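Colleague: Given next are the chains, with one letter for each unit.
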Amino acid sequence: MRVNEELCIGCGSCVPYCPMGCINLDGKAQIDLDECVECGVCFRSKVCPVDAIYEGELDELRLFRKTFSDPWIVHPSTNVPGRGTEEMKTNEVTGRFKRGYTGIAIELGRPGTGTRFYDVEKIAKACAAFGVEFEPQNPVTAIMSDKKTGKIDERFMNEKTLSAIVEFTAPNDKVVDILKSVKEASKELSTVASLEVCCRREPDGSLPMEELAKKAGFTPSLNGKVNVGLGRPLAKEE
Amino acid sequence: MTHTLHRRGSAESLADDFVVFAIAAQGFNAEGAAKKFEKFFDIVKKYNPNNFGDMRTGNSLVAGEDVIRKSFKDNSIVHAVFNDEDTVTKVLKELKEADLGLSIVVSGLVHKTDECCKKVGLEMHTVEKSLGIIGNTPRLPDESILEVTTMCGHGMIAFNLVKKLADDVKKGRTSPNKAAKEIAKQCVCGVVNIPRVERLIKAMAS
Numbered sequence: 730m731r732v733n734e735e736l737c738i739g740c741g742s743c744v745p746y747c748p749m750g751c752i753n754l755d756g757k758a759q760i761d762l763d764e765c766v767e768c769g770v771c772f773r774s775k776v777c778p779v780d781a782i783y784e785g786e787l788d789e790l791r792l793f794r795k796t797f798s799d800p801w802i803v804h805p806s807t808n809v810p811g812r813g814t815e816e817m818k819t820n821e822v823t824g825r826f827k828r829g830y831t832g833i834a835i836e837l838g839r840p841g842t843g844t845r846f847y848d849v850e851k852i853a854k855a856c857a858a859f860g861v862e863f864e865p866q867n868p869v870t871a872i873m874s875d876k877k878t879g880k881i882d883e884r885f886m887n888e889k890t891l892s893a894i895v896e897f898t899a900p901n902d903k904v905v906d907i908l909k910s911v912k913e914a915s916k917e918l919s920t921v922a923s924l925e926v927c928c929r930r931e932p933d934g935s936l937p938m939e940e941l942a943k944k945a946g947f948t949p950s951l952n953g954k955v956n957v958g959l960g961r962p963l964a965k966e967e
Numbered sequence: 013m014t015h016t017l018h019r020r021g022s023a024e025s026l027a028d029d030f031v032v033f034a035i036a037a038q039g040f041n042a043e044g045a046a047k048k049f050e051k052f053f054d055i056v057k058k059y060n061p062n063n064f065g066d067m068r069t070g071n072s073l074v075a076g077e078d079v080i081r082k083s084f085k086d087n088s089i090v091h092a093v094f095n096d097e098d099t100v101t102k103v104l105k106e107l108k109e110a111d112l113g114l115s116i117v118v119s120g121l122v123h124k125t126d127e128c129c130k131k132v133g134l135e136m137h138t139v140e141k142s143l144g145i146i147g148n149t150p151r152l153p154d155e156s157i158l159e160v161t162t163m164c165g166h167g168m169i170a171f172n173l174v175k176k177l178a179d180d181v182k183k184g185r186t187s188p189n190k191a192a193k194e195i196a197k198q199c200v201c202g203v204v205n206i207p208r209v210e211r212l213i214k215a216m217a218s
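Quick note, the sequences are listed as chains A and B, same order. Here the working numbering = 1-based position in the first sequence + 729. Here the working numbering = 1-based position in the second sequence + 12.
FYI, nobody ran anything at the bench for these hints, they're computed from the structure. Be careful, since some hints might not be right.
Listed below are the simulated EDC-like cross-link pairs for lysine to aspartate or glutamate, each with C-alpha atoms no more than 16 Å apart in a straight line [what the hints assert, rightly or not]:
no.: 1; chain 1: B; residue 1: K51; chain 2: B; residue 2: E77
no.: 2; chain 1: B; residue 1: K108; chain 2: B; residue 2: D54
no.: 3; chain 1: B; residue 1: K175; chain 2: B; residue 2: E155
no.: 4; chain 1: B; residue 1: K105; chain 2: B; residue 2: D126
no.: 5; chain 1: B; residue 1: K130; chain 2: A; residue 2: D933
no.: 6; chain 1: B; residue 1: K130; chain 2: A; residue 2: E931
Model, not experiment: these values are computed from the prediction.
Chain B on its own, in the form it takes in the complex (with noise of 0.2 Å):
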């Protein structure tokens, strides 16, 4: 339900972290978007997400950008990552003129979307938030691991996965940016921050 939401990390770890998609509403508006979700990909394109992808697809590491862009369905849920504010300030501006009839959503910290909204004539419509983790909570990871896996909302990020790589990078055996990629690569939606996943490998490592 909410692959983008439980995201976790301080407001200084968040501040780059931002994911723009679009979806189509079943039984209401979804018959005929896959034309919709094309010129939604051109338009985010156009600024150079750190990840990308579509659900039915595949991320941009794995199927890339070429299948991706053939690919489109009506059920399609396609997903571009941004690192700052300004650049989402730019696409939602694009968005609005292209006026494509597809819902478009927004994951990063509210209050600087809310800002980015505002900019462009946009108010946000309805929010959603989250409450944390309830339940047997001493089977979880430290934080540092959850920080990343949980930029999958699909749960396709093991937790043993982040700790061979952040390991393999303390011993040399790879660098941050692979490892980083790595991790990306297993995230089916692409809306893996790559460049955020490679500073908490290094800070793991470090």
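Okay, chain A solo, but in the shape it has when bound (with noise of 0.2 Å):
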């Protein structure tokens, strides 16, 4: 996102909307094209009295930000808009996540502090190294230069965006080194990262996700996000 000087006041009315707090003030406000992540909060806020604000053109590099950081932006690897993965939210009709599984989610750079792809592909491969398959419908997945060692393209490696997601299912037998290698790699992030898993619920009622993740020394939440089943067609039981 770029700034009209010319238009600007420096009334600094834009300055905590950024997500990213990269607006700075010195007599006008200017953007840190560095740590902006092209989200476009600012433009759409529609809080600068003067319009000043706007997008500009953007090259390959400012558009993968915006694709990774703008929630009104289709990802063109999986048409889906926000952060580009359906993940659990469509599991009664894909199938994607099966009993004896657990899906396995990393969202690097949230809370609302972004991220470089140098961090995300620490976690990347961190996991790869228990040999997981990263979810094909992802936007993560389609950067990665080596999906079995969760290589990220190194165009990509120093450009911030807002969040991204490693995203992949791994049999239960394997989750609880894979949740503590998970740990153990996010002591090298210079950001954060949120982390879930998911599973399905199986016929007792139990969820056995949740004992896994107490093994590997976490404490699930108590809300959480449930699949109620209504989508059709379903999957195949395997």
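Take the two lone chains, each set in its own frame, and fit them into one complex as the hints suggest.
Modeller: The structure is reproduced here in structure tokens:
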């Protein structure tokens, strides 16, 4: 995002709206483009009294930032708006997460700090060491130059986005070790990450992921997301 | 991915915070889903959600009901926010009867959502839970600010905006309700629980 300095009156109204805190006021508002993730909040908020904020022309890397940061954008690799993945929301239809497996996702940069892709790669590599298969319908997987190792395409390594999700499914007997490894790898991050797990409900009502998470030293949240199974056609159980 | 998952707060703070949303699976049942989203929207609107929206169009405060209703697409994700499980139960009952074929997801306290499902003859199919925040956590602000900002999973609500508006309320420059609406406007999907934000901002300002 950019500020038209001829129009800007230096009122500072836009400053608190930036999720990355990268608008500085030095007489006039200035956006630190290295920190700006092109989320568009400053523009969409319509807080500028003189309409001095604009997007400008985006080259490939600025567009890359926008695709991961602006929820209005539909990811071309998945046709899904937002962060670009349906994960468990449609699981009764897609059959993506089966019994005996746990879905794991690590959202780098959330909440509110943003992420560079060298941090995304640190987590992806830690998970890849367990032989996981990264979710193919996910925009982060789409920019891995080596999906076996979790290596991110060099072009994007220093790019910053509002968040990015490393996502995969793992057999339950590997989950505890993977979660412990993710926790260890997270000590090397310059940013934060929100960690989550999902699974099918067992016929007895239990959620195996909860015990696995506890064994790995985590406390599952009391709240969560529940797919109530109304999508059709239902995926076939294996 | 998980735009309504990582909401933070105690069980008491989260007790009035439920989001019901509909989504179609791309490559499976998305073709023609736009019409089904209209029916979903008609159903949830009957129960007076405190906020609503479509990720492709915007939220109740910025886009407004009429624009949202006219703009559904096959890859829409349509949300409605409610404050109590009795209403969620009624919404689920009606959605079950409507048999739209869309995936329906409820975000909220899981044991309460489970109860809602059982009351209307549904079973939880797949459940997702947060394991919290890892990494360089000293970069994060106070928990009271996170309780507000994590209501928008796409990170559209700046920490600094919450701080400023809480300060504005404290100094009498705005009301908790106006502050809550200004915060909710930033969240494209319309999943911010406006009365909950109002309550949290009021507490921060006192």
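Colleague: Next step is simple, just say for each hint if it's right about the structure.
Modeller: Going down the list of hints, with the structure as the test:
Distance hint between K51(B) and E77(B) is fulfilled; the C-alpha atoms sit about 14 Å from each other, no more than 16 Å. Between K108(B) and D54(B) the CA atoms are separated by roughly 14 Å; this keeps the pair inside 16 Å, and the hint holds. Taking the CA atoms of K175(B) and E155(B), the gap is near 12 Å; set against the 16 Å cutoff, the hint holds. Distance check on the hinted pair: K105(B) and D126(B) sit about 13 Å apart at the alpha-carbon level, within 16 Å; holds.
A C-alpha spacing of about 13 Å is found between K130(B) and D933(A), which places the hinted pair at or below 16 Å, so the restraint holds. Proximity of K130(B) to E931(A) is assessed by CA-CA distance (about 15 Å); at most 16 Å being required, the pair is judged to hold.
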